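Peer 1: Sequence:
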Amino acid sequence: MLEIEQKLQEITGLISLPEVYLKVRRLMDDERSDIDDFAQVVCVDPNLSTRVLKIVNSAYFGFPEPVDSVARAINLIGIEQLHHLVLGVAAISSLDLPNDILPLKPFWHNSLYTGVLSQQLAGRLKISRSDRLFMAGLLHEIGHLVLCAKLADHARETIRVAVQTGRPLHEVQQQMLGCHYGDIAAMLLANWNLPTELQDLVRYHPNPAAAPSQQLETAVLHLAHAYAGQNTSSPVDAVELIDAEIRALIDLSQAEINQCLETARSVSVEIGKSILS
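Take any residue in the sequence shown, note its place counting from 1, add 3, and you have its number in our numbering.
You may find that some hints are simply not true.
Listed next, the in silico EDC-like pairs over lysine to aspartate or glutamate satisfying Cα-Cα at most 20 angstroms (straight line) [unchecked claim]: (1) Lys57 - Asp134; (2) Lys57 - Glu34; (3) Lys153 - Asp39; (4) Lys108 - Glu273; (5) Lys276 - Asp71; (6) Lys26 - Glu8; (7) Lys153 - Glu6; (8) Lys129 - Glu259; (9) Lys26 - Glu13; (10) Lys153 - Glu83; (11) Lys153 - Glu68; (12) Lys153 - Glu8; (13) Lys276 - Asp48; (14) Lys26 - Asp40; (15) Lys26 - Asp48; (16) Lys26 - Asp39; (17) Lys10 - Asp134; (18) Lys276 - Asp99; (19) Lys57 - Glu83; (20) Lys10 - Glu200; (21) Lys26 - Glu83; (22) Lys276 - Glu265.
By construction, these hints were calculated from the structure, which means they are not laboratory data. This one's a predicted model, so the numbers in the text were calculated from it and none came from an experiment.
Whenever a hint applies, use it, and build me the whole structure from the sequences.
Peer 2: Next comes the structure, spelled out in structure tokens:
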């Protein structure tokens, strides 16, 4: 198992983010940078600037009037939100890992839904900086992509055992590989120098009780992940999906959760058209 973990460390170390994202990160660390500096970097990449404008003009932000320039978009949403948008687009580009197990487009649609739902739930709970829950939801399953593309035989075997035994896939992965998909995602985020709080959200979402901090946020991601795994359009009571102790952390009525589900469905489809087209 240690050999597999070492191999995964090597693999994740080879997956890098594009230069345009790194430039945005450098600007964020430069106190002298301003909106025009960020706009200039984004506009150098026509594909990125187009996608950013599409998302800013989507129901995700809900601005009453069209936003027609990157500089104005940044002025409206702020530097941190811009960073998250660029990171999302960059991550999807860097993780274009075709494989025979996990189709990419449905995977990313599901991840977008999880991200939007996580943010909607966090907003209802008045969790500060709810946008980080969007990023956590978008990236929480990228460990599956790495496994399926780079260690396909191991991925197939863990899936086979999980289906055969009825056990959760992350538990089977932990037993057979020494780590689970959340750990692999956290490895990748660490290699990208992303915040520890984001690494912890993706690492512990399968088991929020084990989270050393951010237990409510981790529980929110856990619930969003559970809903994203449902193959029905009819709302399922949250208590049927997750452990009662975790459900108790999320102080929302089922009616409030259902409203979040409805919004997440429509908004994630719209964002998907902008990012995944």
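Peer 1: The structure should be examined with respect to each hint, and the outcome stated for every one.
Peer 2: So, going through the hints one by one against the coordinates:
1. A distance of roughly 18 angstroms separates the Cα atoms of Lys57 and Asp134; the hinted pair therefore holds under the 20 angstroms criterion.
2. Proposed proximity of Lys57 and Glu34 is contradicted: the alpha carbons are some 28 angstroms apart, above 20 angstroms.
3. Distance check on the hinted pair: Lys153 and Asp39 sit about 40 angstroms apart at the alpha-carbon level, beyond 20 angstroms; violated.
4. For the suggested pair Lys108 and Glu273, the alpha carbons sit about 14 angstroms apart, so the restraint of at most 20 angstroms is met.
5. As the CA atoms of Lys276 and Asp71 are separated by approximately 18 angstroms, the hinted pair is consistent with the 20 angstroms bound.
6. Straight-line distance between C-alpha atoms of Lys26 and Glu8 comes to about 31 angstroms, which puts the hinted pair past the 20 angstroms bound.
7. The hinted pair formed by Lys153 and Glu6 meets the criterion: a straight-line CA distance of about 14 angstroms does not exceed 20 angstroms.
8. A C-alpha spacing of about 13 angstroms is found between Lys129 and Glu259, which places the hinted pair at or below 20 angstroms, so the restraint holds.
9. Taken as a hint, the Lys26 and Glu13 pair is broken in the structure, with Cα atoms around 24 angstroms apart against an allowance of 20 angstroms.
10. Taken as a hint, the Lys153 and Glu83 pair is broken in the structure, with Cα atoms around 32 angstroms apart against an allowance of 20 angstroms.
11. Distance restraint check for Lys153 and Glu68: the Cα-Cα separation of roughly 45 angstroms exceeds the 20 angstroms cut-off, and the hinted pair is therefore not satisfied.
12. This hinted pair checks out: Lys153 and Glu8 have alpha carbons roughly 13 angstroms apart, not beyond 20 angstroms.
13. For the hint linking Lys276 to Asp48, the alpha-carbon distance of about 19 angstroms falls within 20 angstroms, and the restraint holds.
14. With a C-alpha separation of about 10 angstroms, the suggested pairing of Lys26 with Asp40 holds against the 20 angstroms cut-off.
15. Restraint check: the Cα-Cα separation between Lys26 and Asp48 comes to about 12 angstroms, which is no more than 20 angstroms; the hinted pair holds.
16. Our distance criterion of 20 angstroms between C-alpha atoms is met by Lys26 and Asp39, whose separation comes to about 13 angstroms.
17. Of the supplied pair hints, the one linking Lys10 and Asp134 is violated, its CA atoms being roughly 32 angstroms apart against a limit of 20 angstroms.
18. For the proposed pair Lys276 and Asp99, the alpha carbon gap of about 17 angstroms is at most 20 angstroms, so the pair holds.
19. Of the supplied pair hints, the one linking Lys57 and Glu83 holds, its CA atoms being roughly 18 angstroms apart against a limit of 20 angstroms.
20. For the proposed pair Lys10 and Glu200, the alpha carbon gap of about 25 angstroms is over 20 angstroms, so the pair is violated.
21. With a C-alpha separation of about 14 angstroms, the suggested pair Lys26 and Glu83 falls inside the 20 angstroms cut-off, and the hint holds.
22. For the hint pairing Lys276 with Glu265, the CA-to-CA distance comes to about 18 angstroms; that is within 20 angstroms, so the pair holds.
Of the numbered hints given earlier, the model fails hints 2, 3, 6, 9, 10, 11, 17, 20; all others are met.
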